[in-house]
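Novice: If you read the sequences in order, they're chains A and B. Under my numbering, the first residue of the first sequence is numbered 1, with each subsequent residue one higher. Under my numbering, the first residue of the second sequence is numbered 109, with each subsequent residue one higher.
Think of the hints as simulated: they come from the structure by calculation, not from any bench. The beta carbon of each residue, even a glycine, is placed where N, CA and C say it ideally should be. Treat the hints loosely; a few may be bogus.
Unchecked claim - Taking lysine-lysine pairs in the DSSO-like style, the calculated list, with each CA pair at most 27 Å apart, reads: (1) A:Lys70 to B:Lys163; (2) B:Lys185 to A:Lys70; (3) B:Lys204 to B:Lys163; (4) B:Lys185 to A:Lys54.
Said to hold, decoys possible - Label-pair restraints from in silico Cβ distances: (5) A:Asp80 to B:Ala137: 45 to 55 Å; (6) A:Ala83 to B:Asp138: 29 to 39 Å; (7) B:Arg136 to A:Gln62: 17 to 27 Å; (8) B:Asp138 to A:Arg79: 20 to 30 Å; (9) A:Ala83 to B:Gln242: 55 to 65 Å; (10) A:Glu93 to B:Pro237: 47 to 57 Å; (11) A:Ala83 to B:Arg136: 31 to 41 Å; (12) A:Arg79 to B:Arg553: 45 to 55 Å.
Said to hold, decoys possible - Output of the computed footprint for chain B on chain A, the stretches with three or more beta carbons under 8 Å from beta carbons of chain B: (13) 25-37; (14) 68-78.
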Amino acid sequence: MGKSFLSFAAAVILQALDNGYQYGFDIMDVTGLPSGTVYPALRRLEDACYVRSKWEKHSIAQEEARPPRKYYELTREGRDALAEARSRYRLLEQTQEPKTDKPKTSRA
Amino acid sequence: MHDSFSRFSKPHLALIRLIGVIVPQRLRADWRQEWEAELRHRETLLAEWDKLNWKTKLDLWRRSFGAFTDALWLQPKRLEDEMFQDLRYGTRMLMKNPGFTVVIVLTLALGIGANAALFSVVNGVLLNPLPYPQPDQLITLHQSKPNFATGAIPYPNFLDWKKENQTFSAMALSRGSSFSLLGTGEPEQVQGRRITAEFFSVLGVQPALGRNFAPGEDERGAGPVVLISAELWQRKFNASPDAIGKSLTLDDKSYAIIGVLPASFSLYRGTDVYVPMGQWNNPGLQNRSAALNLHGIGRLKSGVTLAQAQADLDGVMRRLAEAYPDANRGNGAALVPLKQRLVGDVGPILWMLLGAVGFVLLIACVNVSNLLLARSTGRTREFAIRAALGAGQWRLLRQMLTESLLLSLLGGGLGLALAAWGTKAALAALPAGLPRAEEIGLDSRVLIFTLAISVLTGVLAGLAPALKSSQWRLSETLKEGGRGASGARHRAQGALVAVEMALALVLLIGAGLMIRSLGALWNVDPGFQPDNVLTFGLNFPPSMRGVSPEAARANLRDLSEKLNAIPGVKAASFSTGAAPLQGVDDLYFWRDDRPKPASTSEMQMSVVYRVEPGYLTALSIPIKQGRFFTNQDEEGAPSVAVIDEAFARKHFPGENPIGKRINLGDDDDPFQIVGVVGHVKQWSLDADDKQSLQSQLYLPFRQVEGNPSGVGVVIRAEGISGKAGSAIFDSVRHAIQSQNGQNIISGPQTLNEVVADSLSRQRFSMILLNAFAAVALLMASIGLYGVISYLVGQRTHELGIRLALGAQRGDVLRLVLGHGMKMALSGVALGLIAALALTRLLAQMLYGVSATDPLTFVVIALLLTAVALLACLVPARRATRVDPLVALRHE
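Excised from the complex, chain A in its bound form:
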């Protein structure tokens, strides 16, 4: 779980989470990373305790007649790691825009 192992892709994903994108698919959309990268990275980040996952409220899912989604959020360690990564990857913050309500992404 060494903090130095944060790859650029992982940093980009943390940045996306920090920007308010909470779901695997939304992160793919905003980062442009393929699902084969995003999911394993999320699992790793979760193992490293940078990220934790929760299930969406049942009521929201029921409304849309689909199973509840799993969402991810940053932990305190995750925030620290992101701060450290930002100092290393200068352009990290400019890679994506904070989440506003666009129809393309989720309504969480």
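Based on the hints, put chain B in the right spot on chain A.
Specialist: Frame of chain A; chain B shown alone:
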């Protein structure tokens, strides 16, 4: 209903379900839900937009495929799964009993290692593509002639093929030649090739250093240039880059080195120099019927098939036969893919050996299976307790399989190490002339093969014990108190031993047939006496080329007399042309008393030996009629010839050939036949009679050879050998060197070695098959011994009761032996049936013995029975020594 329909119409959801199967069970439900929810959510969003947009659909697909990477990434989490528990538990069980584990791992390592080694040979020789770009496009080119399916191509014909064909992108011609390498240290004979300029570009080989021949260099009058092998570059120039531009003296000419070939180039092993064909000063290059041993190689245009190319060159040859009927009538174009040409007929032998070594692995499997079965009996209680605590049948089965897989993978790893080392050692030890031997090694395909057979072995060996252990009835086993002596298990062991015996018998019979076959080959009369005969090549220095034919002849006669005068030498002779089992030379002739045929293609053909009077004595070929050459058959004396019996039978049937005359080729200078000698095996010991060209003609060396650049020498002397230090060979060498210090002796070999070399392939397969059979016999007897020992151990109690009730020791011995021999004999019976069916596959490789040779079958079956009896005797005797009191107290 609706759900299944929606899954049907949304394949990406089905895909997620499918991929979910490989996700560790603990995480599976969660995992599936997350992916399904994400995809369903995406769909709902999409529904608002254009539902039929294929791009978005494709995107969904791409995302669901990403789930696969995700699932793969979760694999290590299995370590916390049940499977890993099995593994940890299995490892503990194996460590608890290290002796048992070591025996099994070693048995499997031997079996898997032998298979990996042989597969690496099959892979390197037969399966791997040749190491050239688009190797399937490479075709060797030959001209077919009445007696040679793949004969040489006359140079003018080749030029026409090259010009007129439509199907080849390039063609080249080459010919092996040897050169005297002078000027760099000791003069030596090097193997070389004359090649046309395109030769290496056809193959797609680039020099490692320097450049290829330019087209202009492949012509008469161009500056002499040479490409050298990496080996020669290393040996003579210490691999220095300055070698380019330096000169190399080959025969009497100095060549500039323009390039060094890559070390990996191994098409012609042992060939060190390549010079341009076009610079060759041989009038035969202009002759359409000259056979200068030129063979071609071509690269097919992409998309062209062999059949199309064949049809194309057939057309070219038809036109050539019309234009030059004299030289080309009856000839055709022969195309053989390069790989097939290189590998030749070694394929069936290698596949047979791989099959045989597969049997060894099967026996190892059965042995291990038996050991596991025996041990599982000891673990009955453990399994019963696990079952009582709620372990399902599947869980127990999996536990056993995990353990056997663990064992087989350990064995496989060790086997691979054995194979890596063993293949190298075996190839070095067996100079069997295996084609492409330098390409044999461990590559990914060998690794995958080894992994696959390891897993298969683990499952096979573990299956019987696993099924048995998982099926035990709980209550009975617990009642039995862990002794677990159920008859069904013993029957399974008995059946396994019988199978093992049967497999061993098949291998032993195969090996026995090969031994008999090789023995028959050794006993083939080659037509000459190979004992105490030395043969070698002798090359004269370039300075001899310029001398007059008279001086050259005087020189040769002088040297021949010196050789014959060496004390201990019974006879010595120069020879050119063919040499039995070594090289073929032939010529056209016609009977002087028949009209001269219109063209050479209508003349008769014979193998030709140009030899001195001592030749017949040197090889101990019997004279059948008339006389052989004498010292009087000199230049200027009437031309004489000697023929063999096959020649006489074919060309003078019912006539006395002595006194008849024949003309050679186009010459009208008849040779009178003065003698008939015995036929010698020219082509090979086993298939000489299958060759269409049987006639053999001897011509007097001194009448037909002017000033050869080199000759063969045969010398008969008691105790002669080609090794330095042999007294006679030293005198021979001294005589040759004293006549001219620049004479070069090459390849000294006794004729016995020549005969042995001609059988190297048969010997190679016999040695391997015997090794496999020996291992099989050993394993099978250990297996039988193990099972009988185990059964005796299990029945100690019962045997004790029998003895206590008055059974004699002899009765006990008979009881145990009878039990063992029942297994062994049913194995032998089974093996005989299998062997009858399987040895038929060997038939092609056998000589002088039938594939179902009754003697071999009977002897081997008796041998195996005897070994089985011995294997049973040791534990049976132990059974007779059971002390009834001890045995009864055993409870």
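Novice: Would you mind marking each hint as holding or not holding in the structure?
Specialist: Consistency of the hints with the structure:
1. A:Lys70 to B:Lys163: Status holds; Cα separation ~26 Å.
2. B:Lys185 to A:Lys70: 20 Å, holds
3. B:Lys204 to B:Lys163: Measuring from Cα to Cα gives roughly 60 Å; hence the hint is violated.
4. B:Lys185 to A:Lys54: 20 Å, holds
5. A:Asp80 to B:Ala137: 45 to 55 Å: 33 Å, violated
6. A:Ala83 to B:Asp138: 29 to 39 Å: Hint holds: Cβ distance 30 Å, inside 29 to 39 Å.
7. B:Arg136 to A:Gln62: 17 to 27 Å: Because 23 Å falls inside the window, the suggested range holds.
8. B:Asp138 to A:Arg79: 20 to 30 Å: 25 Å, holds
9. A:Ala83 to B:Gln242: 55 to 65 Å: 56 Å, holds
10. A:Glu93 to B:Pro237: 47 to 57 Å: With Cβ atoms ~53 Å apart, the hint holds.
11. A:Ala83 to B:Arg136: 31 to 41 Å: For Ala83 (chain A) and Arg136 (chain B) the Cβ distance comes to about 36 Å; the hint holds.
12. A:Arg79 to B:Arg553: 45 to 55 Å: 50 Å, holds
13. 25-37: holds (count 6)
14. 68-78: With 3 residues close enough to chain B, the hint holds.
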